[in-house]
Amino acid sequence: MTATITGLTLADVAVGDELPELRYEVSATTIVVGALATRDSRPQHHDFQFATERNGLKNIFLSSPNQLAWFERYLTDWTGPTGRLGRLSFRMTESVYPGDTMVFTATVAAVDTDDVDCGWVEVEIALRVGTTTCTICKGRIAVPVTPDDNPWARRGERWQP
Amino acid sequence: MTAAMAQDLPESIAALIDQPQYDETGDFPVERGYIWTSCASVENGNPLYWDDEVAASLTGGPIAAPSMLSTWFRPHHWAPGLETQKLPLQVHFDLKEQLGLPEAVMSDNTTIFYEPVRPGDVLRTCQRLRSVSGEKHTKLGTGRFWVIDVEYRNQRGDLVGVESWTGFGYRRGATT
Numbered sequence: 001m002t003a004t005i006t007g008l009t010l011a012d013v014a015v016g017d018e019l020p021e022l023r024y025e026v027s028a029t030t031i032v033v034g035a036l037a038t039r040d041s042r043p044q045h046h047d048f049q050f051a052t053e054r055n056g057l058k059n060i061f062l063s064s065p066n067q068l069a070w071f072e073r074y075l076t077d078w079t080g081p082t083g084r085l086g087r088l089s090f091r092m093t094e095s096v097y098p099g100d101t102m103v104f105t106a107t108v109a110a111v112d113t114d115d116v117d118c119g120w121v122e123v124e125i126a127l128r129v130g131t132t133t134c135t136i137c138k139g140r141i142a143v144p145v146t147p148d149d150n151p152w153a154r155r156g157e158r159w160q161p
Numbered sequence: 162m163t164a165a166m167a168q169d170l171p172e173s174i175a176a177l178i179d180q181p182q183y184d185e186t187g188d189f190p191v192e193r194g195y196i197w198t199s200c201a202s203v204e205n206g207n208p209l210y211w212d213d214e215v216a217a218s219l220t221g222g223p224i225a226a227p228s229m230l231s232t233w234f235r236p237h238h239w240a241p242g243l244e245t246q247k248l249p250l251q252v253h254f255d256l257k258e259q260l261g262l263p264e265a266v267m268s269d270n271t272t273i274f275y276e277p278v279r280p281g282d283v284l285r286t287c288q289r290l291r292s293v294s295g296e297k298h299t300k301l302g303t304g305r306f307w308v309i310d311v312e313y314r315n316q317r318g319d320l321v322g323v324e325s326w327t328g329f330g331y332r333r334g335a336t337t
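So the sequences go chain by chain: R and A. Under this note's numbering, the first residue of the first sequence carries the number 1, and numbering increases by one thereafter. Under this note's numbering, the first residue of the second sequence carries the number 162, and numbering increases by one thereafter.
Here chain A stands alone, though its shape is the one from the complex:
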């Protein structure tokens, strides 16, 4: 879903459209334990992830399942000295707060996969707000749709993937 751009958007939010935000490096290198945990969670027996010979033959060594892209950027639940927990897709939570919309759901996701992610890679990411709609009334409540892209690169600068999320921030019980 694309969110048509609102004309009534606060200037502070309109100024963020297409701008890179939250340029961050992952908290930890990509590692095989998580790759196997992910495959196990959906009973994915693809030998590319379990058989080193297959991985060597097809991909020049082990790679992460492409669908794990966002996994490498979910923050630790706790870390020393961390006073407030970091949130994944921070732009989404910023919009909720700035627009006074306490509830939110994610509806659509498109992920495009480029260079494979490999164990040992340390990924970088940035988020870009692409659009925010005018107020809409849905069965959940009244609010706005927004689209946020998340770009992922490896330590060599190669693009490894782009996620595009559509979110809907809303106030409950405000349908008309």
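So here's chain R without its partners, still in its complex pose:
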């Protein structure tokens, strides 16, 4: 049996395209499971008293490595499994707490092929809670140039993230 694999190709994407919005209700469990998944045992991600009394925050908050995992999920929800991350950059300005509703939105900023014919899409992502932008992220992800192309097959000089 052969797996059926579908995903975006470069021809499906244009500068200015908007990715589907992702909304997620954050609970204390979201924060703690996210920290556990990244082996992050620092107390600000699971200990309410430490976060509030020692650090002066309003609650425990989403860890940086787990935010990276959220951005990856958001991008590959859109591209499908053939999308291969090349680069993610993010800057956090506000924390995400239990009770917040995270809203991910993104716009395609660039679409091109590189010197070794790999197809790249650059996306600008915002993670917002209400009207506050908590994190901005830039993603560079390779997608197939043609339906039979596979960015994951690239190695060495053929992969220039």
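Read the hints as simulated data drawn from the structure, not as lab findings. There could be a bad hint or two in this list.
Covered stretches of chain A (in silico footprint by chain R; criterion: 3 or more residues with CB under 8 Å from a CB of chain R, positions within the stretch not fixed) [as the list claims (entries may be wrong)]:
1) 173-185
2) 193-200
3) 272-282
4) 296-303
A quick note: this is a predicted structure, and the numbers were derived from the prediction, not measured. Virtual Cβ for every residue (Gly too), placed ideally from N, Cα, C.
Once you have looked at the hints, place chain A on chain R.
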């Protein structure tokens, strides 16, 4: 964010710029349980991580989610004979101590992904301090920005990723 290099940096810290530090091998091999735990934590249903046929077809077998790169180097919370807990991104904590800055936050991160990480891989890492700024005043307090790169390789020496972190170490209540 890039941190402009400070002219008033102690020599002991200036000497560390671009030098590899904390060359270490991971405490454990990359394993699928953690890959699934990570995907579950963000409800990532990408079949590449859950469907072996998709993984075989696209990547020649299972791989770890690229965003997990740093996961493989977070130290155990406890281990036999370990008297002090190892810290991830030790250069960051060294700078806090050496510069007398008790508080710190990480602000920016850029991660570049190269060869996929696979279950069974045992990764190696090293950290390089790239820059330290002069004193800055922010709403958090007075302190310095610094940039630290973390390089990851697999057991064959292939580069699998580079993380670049911008941190800000500071003293609270010292704003002007």
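Now for the hints, and whether the structure bears them out:
| no. | hint | in the structure |
| --- | --- | --- |
| 1 | 173-185 | violated (count 0) |
| 2 | 193-200 | holds (count 4) |
| 3 | 272-282 | holds (count 6) |
| 4 | 296-303 | violated (count 0) |
In summary, the structure is inconsistent with hints 1, 4 from the numbered list given earlier, while agreeing with the others.
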